[in-house]
Amino acid sequence: MALPGISTEQMTEVDRLMTEERGVPVELMMEHAGLSLARLAVRLAGGGCHTYQVIAGAGNNGGGGLVAARRLAAWGLEAEVYLARGRHELREIPGRQLERLERAGVRVNEGLPLNTDRAVTLDAYLGYGFKQMSDAVSAKVFGFLAGCETVISLDAPSGLDVTSGENVSRIRPLATLTIAFVKSGLMAAAPEELGELYIADIGVPTSIYRSQLGINWQPPYDSGSLEKLAAAFWKDALQPVAVHRDAAPAWSYWQVATATRRAIRAGPSGR
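Heads up: the sequence shown begins at 1 in the working numbering, then just goes up one per residue.
By construction, these hints were calculated from the structure, which means they are not laboratory data.
Even glycine gets a Cβ: it sits at the ideal position worked out from N, Cα and C.
You may find that some hints are simply not true.
[Stated by the list, open to error] Here are the simulated distance ranges between beta carbons:
| id | residue 1 | residue 2 | range |
| --- | --- | --- | --- |
| 1 | Ala237 | Gln212 | 20 to 26 Å |
| 2 | Arg91 | Asp222 | 34 to 40 Å |
| 3 | Asp246 | Arg96 | 38 to 44 Å |
| 4 | Asp135 | Glu20 | 30 to 36 Å |
| 5 | Glu27 | Trp251 | 35 to 41 Å |
[As the list claims (entries may be wrong)] Cut-off 20 Å, straight-line C-alpha distance, at most; resulting in silico cross-link-like pairs (DMTMM-like, lysine to aspartate or glutamate):
| id | residue 1 | residue 2 |
| --- | --- | --- |
| 6 | Lys140 | Asp117 |
| 7 | Lys228 | Asp201 |
| 8 | Lys140 | Glu89 |
Work out the full structure, taking the sequences as your base and the hints as a guide.
Below, the structure is given as structure tokens:
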């Protein structure tokens with residue numbers, strides 16, 4: 001299995017094709033992403049009971065974090081949400097997720113936590129749509145997340161450009177859960193900027209990657225690898241990823257890995 005990365009523009013096209021041509025709403029894909037994030041957080045906790053805090057942005061990445069918090073709470077775990085930019089900046093779909101979250105009784109705060117000593121922090125501030133920014137809120141979020149001991153990032157570590165791999169934050173997550181397909185910037189980033197890399201299936205058919213994104217399926221890439229990816233997703237919608245990094249980016253590729261390697265060490269708020 002040797003698969004290429006895709007750019008921000010290609011992932012934007014995936015979302016368009018899913019919503020406009022396939023009739024799959026963003027909200028449904030967000031639900032799958034958030035569920036996978038919650039599952040990964042619990043999986044890496046190794047069966048221990050932990051407190052989870054979600055740092056959520058105003059866009060769809062933040063919405064995925066809100067779903068994760070709701071699912072964790074539904075499993076009887078302690079989950080709390082921090083809206084880094086405040087609820088007044090939430091976009092429409094994340095706003096609907098917030099309403100569901102509050103109906104479920106999950107505590108929601110505005111801004112950032114006062115300290116970084118909670119056991120597991122879910123980074124759902126910025127996703128694949130990140131563009132270079134220098135606003136004060138983002139700077140505070142990056143600084144906070146960089147100081148957390150245990151971070152799991154949704155789609156990409158906040159502040160990492162998923163096309164180029166350029167990283168303007170100092171976040172070093174334990175793990176990154178990318179959505180639908182691995183982005184080229186994740187393949188270019190240093191391993192310590194991602195932690196363990198995982199991928200979540202949100203229902204995108206392989207035909208989109210095969211023929212609708214303009215991917216050049218020449219060696220080392222093989223479109224037949226898409227069937228192997230689908231077969232892995234049949235078994236589990238949450239899969240570990242291994243990246244082969246080559247000095248020549250055109251020869252880098254990714255594939256589903258055979259095993260994970262790290263788990264969360266219980267911190268001061270673990271039980």
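Verification of the supplied hints:
1. For the hinted restraint 20 to 26 Å between Ala237 and Gln212, the CB-CB distance of approximately 22 Å keeps it satisfied.
2. With their beta carbons about 38 Å apart, Arg91 and Asp222 fall inside the hinted range of 34 to 40 Å.
3. At about 43 Å, the CB distance of Asp246 to Arg96 agrees with the hint of 38 to 44 Å.
4. Checked against the hint of 30 to 36 Å, the pair Asp135 and Glu20 passes, with Cβ atoms roughly 31 Å apart.
5. At about 38 Å, the CB distance of Glu27 to Trp251 agrees with the hint of 35 to 41 Å.
6. As the CA atoms of Lys140 and Asp117 are separated by approximately 16 Å, the hinted pair is consistent with the 20 Å bound.
7. Between Lys228 and Asp201 the CA atoms are separated by roughly 13 Å; this keeps the pair inside 20 Å, and the hint holds.
8. The hinted pair formed by Lys140 and Glu89 meets the criterion: a straight-line CA distance of about 17 Å does not exceed 20 Å.
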